[in-house]
Every structure is written in C-alpha cells, then in structure tokens.
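Undergrad: What follows is each chain in one-letter form.
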Amino acid sequence: MEELWLKYPFTKKAVDYLKSIKVDLDAIKKDKNLVEETVKEIESVFLKKNYKKYSIEILDPLRNLLIFYLAVLFLRTISNTLLNSKFAVHEAKKYYMLLSREEEEFLLKLAQEEFDLNVKEEEFHGAKFYSIYFVDYLKYAAKLSGPWSLVNQVIKNGYVLITRNQLNRILQEAIRYKILNIVDKPLSNKELIKELFPDELQYLLDLCEKYLKTTVEIDESSAVKISDESITVIPPCMIKIMDDIKRGVNVPHAARFAITAFLLNIGKTVDEVVELFSSAPDFDERKTRYQVEHIAGLRGSGIKYTTFKCENMKVLGFCYPNRLCKKVKHPLQYYRLALRLMRYEKR
Amino acid sequence: MKKDKNRSLNLVMKIFRRYYRSTLPYNVEKIEQREFGFMFFDKEGMIRHTAFKSVSELSAYLKKHVPSHVYYSTAFYERPDAPTMEEKGWRGAELVFDIDVDHIPTECKKKHDKWFCASCGNSGNGAPPPACPVCGSEALRTVSWVCDECLEVAKEETNKLLDFLLIDFGFSRSELLVCFSGHRGFHVHVLSEKVYSLDQDARREIVNYVKGLGLSFPSLVKAKLWENYGWINRLMLVAYEKLGVKTPESVYKKLSRKKKLVDILLNECIEQYGCQIDERVTVDIKRLIRLPLSLHGKTGMIVSIVDDLDLFDPLEKASPLSSSEYIKVRLKDAPEKILNYTLDKRNGIVKLPINVGLYLILRGAAEVVRDEY
Chain E
291 MEELWLKYPF TKKAVDYLKS IKVDLDAIKK DKNLVEETVK EIESVFLKKN YKKYSIEILD
351 PLRNLLIFYL AVLFLRTISN TLLNSKFAVH EAKKYYMLLS REEEEFLLKL AQEEFDLNVK
411 EEEFHGAKFY SIYFVDYLKY AAKLSGPWSL VNQVIKNGYV LITRNQLNRI LQEAIRYKIL
471 NIVDKPLSNK ELIKELFPDE LQYLLDLCEK YLKTTVEIDE SSAVKISDES ITVIPPCMIK
531 IMDDIKRGVN VPHAARFAIT AFLLNIGKTV DEVVELFSSA PDFDERKTRY QVEHIAGLRG
591 SGIKYTTFKC ENMKVLGFCY PNRLCKKVKH PLQYYRLALR LMRYEKR
Chain H
24 MKKDKNRSLN LVMKIFRRYY RSTLPYNVEK IEQREFGFMF FDKEGMIRHT AFKSVSELSA
84 YLKKHVPSHV YYSTAFYERP DAPTMEEKGW RGAELVFDID VDHIPTECKK KHDKWFCASC
144 GNSGNGAPPP ACPVCGSEAL RTVSWVCDEC LEVAKEETNK LLDFLLIDFG FSRSELLVCF
204 SGHRGFHVHV LSEKVYSLDQ DARREIVNYV KGLGLSFPSL VKAKLWENYG WINRLMLVAY
264 EKLGVKTPES VYKKLSRKKK LVDILLNECI EQYGCQIDER VTVDIKRLIR LPLSLHGKTG
324 MIVSIVDDLD LFDPLEKASP LSSSEYIKVR LKDAPEKILN YTLDKRNGIV KLPINVGLYL
384 ILRGAAEVVR DEY
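Line by line, the protein sequences give chains E and H. Sequential numbering from 291 applies to the first sequence in the numbering used here. Sequential numbering from 24 applies to the second sequence in the numbering used here.
Hints are computed from structural coordinates only; laboratory data are not their basis. Just so you know, these numbers come straight off a predicted model, no measurement behind them. Note that the Cβ used here is the ideal one computed from N, Cα and C, for glycine as well. Possibly wrong hints are sitting among the right ones.
[To be verified] Lysine-lysine pairs mimicking DSS-like chemistry, simulated, CA-CA at most 27 Å apart:
hint	chain 1	residue 1	chain 2	residue 2
1	E	Lys-410	H	Lys-217
2	H	Lys-137	E	Lys-433
3	E	Lys-599	H	Lys-283
4	E	Lys-617	H	Lys-137
[Unchecked claim] Across the chosen pairs, the derived CB separations fall in these ranges:
hint	chain 1	residue 1	chain 2	residue 2	range
5	E	Phe-414	H	Ser-273	11 to 21 Å
6	H	Arg-71	E	Lys-619	28 to 38 Å
7	E	Arg-613	H	Val-78	49 to 59 Å
8	E	Lys-619	H	Tyr-364	39 to 49 Å
9	H	His-88	E	Asp-572	47 to 57 Å
10	E	Arg-613	H	Ser-239	34 to 44 Å
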C-alpha cells in the first residue's frame, strides 16, 4: 500500500518520501536521462501534436516523482497562470486514468486521507456505490455541468450517492486543484533551471511561447460612458466568460456555448472564436472547430444558434449585470444598444 | 396633519427605544467577525461597515441610536469594518434562505394589493403587470399588504424548505435558525461550520436543488435503487399518483417515448415540491440580512425566532407590545386586513390594538391623533 502512494507525486506521503531520501541535485544534473524524460513530460503537456496522449504506465515511481517535481520547478520559475492551469489539467487527467485502475481500497484512502473528503462505501442490491457529503461533492462538482447538477443527484441525509466513475472524476478535480496549488508558487531564483536544463532550456521556453501564442485578444476594450460609469460594448457576462477562458479557467459547457453563439452573432468568424478557446486547458482544435461550426449553422441542422437570454444566463449563474443591463433582456440586445449609445456619444 | 406626523414618529421612536432598552440583542456567532448595517427614522440611507466586539457593545449602540432597521452580514470577515469588500477578507458565510410572499403569486393579492400608473393614472388590483396596459409605461407604483393567507403561503414554502434541509441535506433542527422576517415571510439560516466555506457556485446548486430547477427524469437504475430519497422519491410519488402504477419500472414503461407526459409530470412535481425562495439571497455570500430579534422599521414587528412554524402568529408572537393596549389613530386608505386582524373601516378615526396601530403608522396608512400613549 505505502508504495502505491509514490505513484501519485502530489500526495503528502510522496512528498514526505521525497524529503526523506534527500535528493542530490548534483546527481540529478548528471543524470541526462532524467533531464531528457522531464523535457518529454513537459512536451507531453504543451506540444500540440501530443494532446490527449497520456503516458499512464509508471514503471519507476521514484523516477516519476523526480520528473514531476523537476517539471514543477520549471513551471514555478516561469510562473505563468495559463501554463500552470494547462499543466494541472493534463496531469490530473493522467492520474485520473491511473486511478481508475487502482483497487477500491486505495481510491477511498486517497479520497479520505489526501483530500479530506467525507466518502463512504454503499451497497445496493449487491452493487457497489459510494456516498459523498454534499459539501465535498459541491466543492468539486459545482464547476462541472449537466448531469452533475445537484438537483439530478440522489441525496439522503446530506450524502450524494455516486458511482465509482463519478468518484474518480471528483478525484480528478481534486487532483487538479491540488497540482494547481503546487505549481502556483513563483520561484524567483532562475539559476536553478539554467543549471538543470543547460542545453534544453531555450527549447522549453520556445515550446511554452508557442503554446501561449495561440491565445488571441478579441476587442472588448471599446466602452461607452453612461452617467460617469464606463460601460463596455460587450455585455459583462460575456466579458467574464472570455476572461475566464483566457485565464485558463475550465469554464462549463453552457458558458462556452453562450460565448460562441454570442460572438458568432456579432460577426466574429469561426476562426476567431476557435482561437479564443485555444487557451482553454483542455483545448482540442478539431473538436472545438466542429462545435463552433455547428453553432454557426455550418453543420448538422443548419440552424444558426443564438445565445441565451438574460433570464437563462441568470439561472446558469453567468449574469454579472451593470447599469445598462437593466434595460435589456438579451445579451445581443445589450450589444446593439451599447453600440447605438457609443455612436451617439461620438457624434 | 404635520402635527399628527410628528406625534406618530415620536410614538414609534418611543416604542423602538423601549424595546431595545428592555431586550438583549441576538447572540450572533463570532460577532466580532460580522459587518453590521443600520437605517434610521431621521436619516436617509444606510450606515454600513460597522463592527462590534461583543453583544453588549451592539446592545449599547441599539439603545443609543435606536435604528429603524438592523442588518448583519451572513459572512464572517477578518476586518468586518473595512470599507471595501477586498479589504474585509472573506472567511466564510452562513447559508441563508429568504422566503418572501412578495415574490410568490398568491390569490389574495387581488384582494389587498393595488398598482397605479405614474404617467396615465390607470390602476388595477393584484400584482402589478410588467407595464401599464393603457399607456405602456413601466413606472408603476404599488401598494401591497400582507394578510393571513399570504402568511400561510410563506409558512408552506418554509416547511418545504425545512424538509429539504432536514431530510435531503441531513441538518439537525438545532443547526437551523428560522426567523420571521418581520414583514412578509421567513429567513432560514443554516448555522453549521460545515457549510460556511461553500462558494457561490455551490450555493447556486443548492438553490436549484430546492427550487427543482433543471430537474430531469433520472436513469431507471438510479430510480430503482434510490426511489425513496430526494427528488427521485418526489418524482415517483407524483408519477404513481398520476399514472396509477406502483413501481419505478412501470413508471418508465408508461413514460417511454412520451416526452410531453414526462414534461407534465416534471412540472407537476416542481410545482408541488419546489420551494419558492429568493435565490439572490442564498447565492450572495456577502449579504446583509435582518438581525434576529431586531425590529422591522416598516411594521414594528420583531424578527422573532420561530420554533413551531405552524402555530406562529406574528401579531401575537412578534409584537414588541402587549395586545391589550389600544391606541386612537386616523386611518388613510388602510387595508381590510392586517395579517389576521380585520379592520372595521378603512378611513377615519378608530381605536386599534397598539400593535396593529404601530404597523399601520409605519406603513403610512395611519397617524396618531392624540399623545395618549
């Protein structure tokens, strides 16, 4: 059992172990294979052609542990939230896959001891299920959408009944948060990575640069003044979603639909919208393009979709109204009104 | 008339001052981490960002300043008196629910509520339409009252909410604080460390749960295994009754490929069991809410703590005054009923129980005629 924990570098037990063996940095620098494997690991996160390929065979847990923390060291030195977010999503998915092969006992221990989740085993008619305290469920599932909504769960005495797959998915979210916490601690000493990656550093930096370049600014800076308050032409709900996407937040599906339909309706092209999503941590260009084209009416039924009306944005929790919002019932109506006001102002 | 107005204000202040002098404030958990807000009879606007180190400090403030309305933050802050939210340092918040008949359509509203169009003078009974049907103006003024029927609806909704909190969410009754809002409904506070850290997204999920928003038919597997819990239980109860069957399997058989029927059942279930709360209150993690045991400045009633909801009678239980005292007032367009008290006439001079009189004075439908109290 104890050895199992080492396969999961983000756990307290793995960290304690790493501390106990007193890693020799000089030895690491000389171990060219280890450095090379770390570069590969970083490539697997940021190189586009590698998306969705996860190396889930961990033959040497200790080596894996070292590679993980060398990659973390690199990211902490670069200190970019977009890169951190992508790294966390990627690693969480990888360990989620690994976890799905573990014994039940370990899964529960990880949930309880590492993430402090209140989870119990449940049995119904011979089938195994789990129940998780609703507060813990919401902590990780409230950001997921659709079938995860609380109203469509079965709750008894504060416990939400879930399947093993659902528990795995919740753990994936928990791992993502955990890894985000680990990488989100900027290191000011740049010398260390120069020493660790003497020949590879420039390549790694280029790789990250290339990844970051795919993000594109959609012009939202234009604003109108309405009685001393500066009001943007794009409604605040849409700005919030775009900001979240750009910051690498994993925004829910409904929000992605809302922003896509909105942007297409104000005349943005499919390419422009696809580019916006390229900073999403789980970006897959082929899939994104397909979905954007679908919403644009270029595929499937041929219907061009419009975005949600304000009432539904509110229900979905995406509404952050400003003063102009009081006058409209639909984000597109807002946009048109704001444009009119701006033109009037310019005159 | 001006004299009557002054007399009325004097009386109100006297009653409020006497109440705060004779009663200890509600013992707020971690009071030093809460923000307080106050409104006054003789000042416009709200004083916010006030903090107290102890209940006795708060008590001294109430006695000295005699506010018309008292609010406290459901949130805990590191520096509750800091002027901006960023500086306050959020440290968690109670989970609160607000049930207010103002937001719930009731039959009795036609009897006691009225609206007036400010631009064309048109008027009508009941809840106001979105715009005036005659001139289309949205500037509508409303006069609304609360009768015992309204309060029954509020109680019913609160009972539904309590079912969700006690049975579905598993809280014990001692973790829940139920308060009369002092006017048209009830506030329910969940006072449990377990929920203080819930963020806005999580609270929205809870709102949608108690409202039944987004409810869909579950898979048959889930329905079979867990038919006795949560919304599935409620859905099955409705389906059994409507379809005349007794097992989840037969419900599914009857519903297969009948989308319309499924929708009808879902709507029926939400109507019957969904709870009409004001979602903004629950989702807002930085909200001020009325302090329990304080007085409501528009009704003169105590925001009283309610143990037995069904037996709760506001005029009796939430009045700061004894109902055996009477007062002479001049009525002006008073309603026929205030909660469960029926008025004999709507205009002119009458003698009323003092709690009813106070209520009407604060709502602007009565003036004191003599300094007798």
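Undergrad: Each hint needs a verdict: does it hold in this structure or not?
TA: Each hint tested on the structure:
1. Using a Cα cut-off of 27 Å, the hinted pair Lys-410 of chain E and Lys-217 of chain H holds, with the two alpha carbons roughly 17 Å apart.
2. Restraint check: the Cα-Cα separation between Lys-137 of chain H and Lys-433 of chain E comes to about 43 Å, which exceeds 27 Å; the hinted pair is violated.
3. In summary, the hint linking Lys-599 of chain E to Lys-283 of chain H is supported, as the alpha carbons are separated by about 24 Å, within the 27 Å threshold.
4. Between Lys-617 of chain E and Lys-137 of chain H the alpha-carbon distance is near 25 Å, which keeps this suggested pair within the 27 Å criterion.
5. At roughly 20 Å, the beta-carbon separation of Phe-414 of chain E and Ser-273 of chain H lies within the given 11 to 21 Å, and the hint holds.
6. Restraint check, Arg-71 of chain H to Lys-619 of chain E: a C-beta distance of roughly 31 Å satisfies the suggested window 28 to 38 Å.
7. In this structure, Arg-613 of chain E and Val-78 of chain H break the distance hint of 49 to 59 Å, their C-beta atoms being roughly 39 Å apart.
8. Range check, Lys-619 of chain E to Tyr-364 of chain H: about 41 Å between beta-carbon atoms, so the 39 to 49 Å window is met.
9. For the hinted restraint 47 to 57 Å between His-88 of chain H and Asp-572 of chain E, the CB-CB distance of approximately 55 Å keeps it satisfied.
10. Separated by about 36 Å at the C-beta atoms, Arg-613 of chain E and Ser-239 of chain H satisfy the suggested range of 34 to 44 Å.
Going down the numbered hints, you'll see the structure goes against 2 and 7, while the others check out.
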